[in-house]
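Q: Here is what each chain is made of, one letter per residue.
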Amino acid sequence: MQTTQMGQNKVTLTNKDLNSMFFRSLFLLGSFNFERAQNMGFCFVMIPAIKRFYKPGKERNEALARHMEWFNTHPWLTAPIFGVTAAMEEEKANTGKVDETAIAAMKIGLMGPLAGVGDPLFWGTSRPVLAALGAGIAMTGSIIGPLLFFVLINAIRLTCKWYFLRYGYTKGSEIIQDMAGGRIKKLTEGASIVGLFVMGALVSKWTTINIPIVATKINGKTQTVQDILDSVMPGMLALILTLFVSWLLKKGVNPLLIIFAIFGLGILGKWLGFLG
Amino acid sequence: MNIIQIILILLVAGVAGMGSVLDEAQTHRPLIACTLIGLILGDVKTGIILGGTLEMMALGWMNVGLAMAPDTALASVISTLLVINTHTSIGEGIAIAVPLAAAGQALTIFVRTIVVFFVHKGDDFAQKGNYRAIEWMHVIALGLQALRVMIPTGIVLALSTAAVESVLKSIPTVITGGLQIGGGIIVVVGYAMVINMMDVPELKPFFYLGFLFAAFTKFNLVGFGGLGLIFALLYLQLEYSRNRNNNGSQAVAANNGSTNGSNADDDLDDDLDD
Chain A
198 MQTTQMGQNK VTLTNKDLNS MFFRSLFLLG SFNFERAQNM GFCFVMIPAI KRFYKPGKER
258 NEALARHMEW FNTHPWLTAP IFGVTAAMEE EKANTGKVDE TAIAAMKIGL MGPLAGVGDP
318 LFWGTSRPVL AALGAGIAMT GSIIGPLLFF VLINAIRLTC KWYFLRYGYT KGSEIIQDMA
378 GGRIKKLTEG ASIVGLFVMG ALVSKWTTIN IPIVATKING KTQTVQDILD SVMPGMLALI
438 LTLFVSWLLK KGVNPLLIIF AIFGLGILGK WLGFLG
Chain B
45 MNIIQIILIL LVAGVAGMGS VLDEAQTHRP LIACTLIGLI LGDVKTGIIL GGTLEMMALG
105 WMNVGLAMAP DTALASVIST LLVINTHTSI GEGIAIAVPL AAAGQALTIF VRTIVVFFVH
165 KGDDFAQKGN YRAIEWMHVI ALGLQALRVM IPTGIVLALS TAAVESVLKS IPTVITGGLQ
225 IGGGIIVVVG YAMVINMMDV PELKPFFYLG FLFAAFTKFN LVGFGGLGLI FALLYLQLEY
285 SRNRNNNGSQ AVAANNGSTN GSNADDDLDD DLDD
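Residue numbers (my numbering), protein chains in the order written: chain A, 198 to 473; chain B, 45 to 318.
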């Protein structure tokens with residue numbers, strides 16, 4: 198049985214510590230690097246908690262070092278991980294019943310599922326939907342477009358980051374049961390459905406492909422290839438192209454290469470007159 | 045352009061550069077960065093329109109895992125600057141933005157590699173318990189990401205407007221027109237990225253459902269968002285009840301002596317009862 202070096206009083210995080218961690222978490226990715234991804238950012242956010250739990254010395258140094266390990270997940274959903282990590286560090290500092298391996302295992306265990314839900318929820322659904330909404334308004338020259346996007350996306354982000362940090366800290370390692378349950382899977386699936394549905398709509402409505410070649414001329418009325426395609430199914434070409442690009446990306450083709458190829462096609466089409 | 049405008053532009057360039065790595069407040073997105081540059085230069089309308097156009101093109105560009113998207117920060121700041129200062133069209137703006145997005149991506153990869161050095165320094169400081177120094181390493185790395193956009197912007201600011209204008213005006217219309225056409229098509233790359241990220245075969249029909257709804261109705265985006273949400277809820281409810289029924293029938297089968305799969309069944313049951 199290990200004894201605590203902190204005496205009888207249990208050390209907990211103050212509200213100020215949690216606020217400081219929240220504020221720091223807004224700069225998590227600042228030192229993103231190709232060796233260990235978000236590692237130093239993670240340590241940066243944990244510093245207020247480490248300072249609270251460990252007096253200067255070996256234990257504090259070890260705590261700093263263990264949060265310099267490889268870490269990478271969706272930046273907005275790191276909040277619950279910070280909360281749980283703080284709760285476990287607190288347990289370790291106060292009772293010594295939690296060891297380093299448990300903390301590392303928990304971080305690695307939560308990283309994958311949270312990235313799995315964060316990417317479709319935020320990058321796949323919230324951001325593109327709000328950005329498309331904002332951009333649509335912006336193209337008419339109205340400031341409402343950018344404002345709408347900025348306010349809504351940040352309201353979602355800050356609410357999540359603030360709430361989940363405290364949620365993780367209060368629940369501690371119990372949160373792992375939450376994660377293991379069906380809830381995360383449901384959330385991921387639900388977000389993916391909304392994302393895919395809206396993407397489908399965007400493919401049809403917000404892609405501009407026009408083939409102005411005249412196909413038929415009846416009684417002086419001209420009909421272009423595009424008119425015919427639209428009468429069959431609007432946005433058909435966009436759909437085919439999207440599926441083709443999706444296939445190319447899966448084959449590992451660099452997206453920038455595809456982007457440049459499409460611009461090349463645009464210039465060629467303009468020059469030869471088959472795109473307009 | 046007066047000195048205050050130059051300072052403000054560099055400031056926005058820095059904020060956008062940091063935003064690009066942080067991916068928090070979204071200041072690196074064209075919709076925000078272009079608008080801010082337009083605001084500073086006194087032509088907010090052009091900034092907003094260019095921002096909206098570029099935002100559409102970049103809709104699905106995102107950093108997932110270790111993969112880097114083309115960089116919107118550098119592209120937005122410099123293209124807006126040039127379009128407004130040289131009174132050129134949105135078409136020229138796109139023509140400038142695309143190569144800049146590629147250049148910005150190369151620069152951020154460069155910075156993210158250099159940061160490894162600061163991380164190793166951070167390791168040493170952790171051994172010594174010097175948390176202040178770790179904080180500094182982190183902040184310096186973030187500063188480098190700001191400089192990554194500020195320095196190229198500064199270089200562009202130093203160029204003579206007349207010279208840039210003559211270069212831009214010398215681009216043949218077949219190129220700028222072609223790039224504008226390309227800009228309308230390029231959005232599919234972003235869509236494809238998003239679709240690939242949510243690559244679950246059972247859910248793919250929802251993509252086609254969205255496509256068909258949009259092709260034959262006049263819903264706007266809010267409508268599509270709402271519809272999507274309802275479909276998601278319905279799917280989850282049905283998926284739920286179906287599993288529950290399956291559990292029931294399989295439990296009967298298990299009682300009849302077939303114990304195969306009953307463990308997996310229990311797991312699923314636990315999940316659902318959570």
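Since the hints were derived computationally from the structure, they do not count as laboratory data. Computed from a prediction, not measured in an experiment: that's the story for all the values here. Note that CB positions come from ideal geometry on N, CA and C, so glycine has one too. Check before you lean on any hint, since a few could be wrong.
Some but not every residue of chain B turned toward chain A, in silico, with C-beta under 8 Å [to be verified]: (1) 73; (2) 154; (3) 180; (4) 281.
The calculated BS3-like cross-link candidates involving lysine-lysine, where the alpha carbons are at most 25 Å apart (straight line), are [claimed, not checked]: (5) 294/A x 368/A; (6) 207/A x 255/A; (7) 255/A x 248/B; (8) 248/A x 172/B; (9) 382/A x 165/B; (10) 252/A x 165/B; (11) 382/A x 294/A; (12) 447/A x 248/B; (13) 248/A x 165/B; (14) 172/B x 252/A.
Q: All hints, please: hold or fail.
A: Hints, one by one, checked against the model:
1. 73: With a minimum Cβ separation of about 7 Å from chain A (threshold 8 Å), the hint on residue 73/B holds.
2. 154: 10 Å, violated
3. 180: Violated, because the Cβ-Cβ distance from residue 180/B to chain A comes to roughly 10 Å (cut-off 8 Å).
4. 281: 10 Å, violated
5. 294/A x 368/A: Holds: residue 294/A and residue 368/A sit about 17 Å apart, inside 25 Å.
6. 207/A x 255/A: 20 Å, holds
7. 255/A x 248/B: Status violated; Cα separation ~53 Å.
8. 248/A x 172/B: OK: residue 248/A and residue 172/B at ~14 Å, within 25 Å.
9. 382/A x 165/B: Measuring from Cα to Cα gives roughly 39 Å; hence the hint is violated.
10. 252/A x 165/B: Judged against 25 Å, a Cα distance of about 22 Å means the pair holds.
11. 382/A x 294/A: Judged against 25 Å, a Cα distance of about 31 Å means the pair is violated.
12. 447/A x 248/B: 15 Å, holds
13. 248/A x 165/B: Roughly 20 Å between the alpha carbons, so the hint for residue 248/A and residue 165/B holds.
14. 172/B x 252/A: 13 Å, holds
The structure does not agree with the numbered hints 2, 3, 4, 7, 9 and 11 stated previously, though it agrees with the rest.
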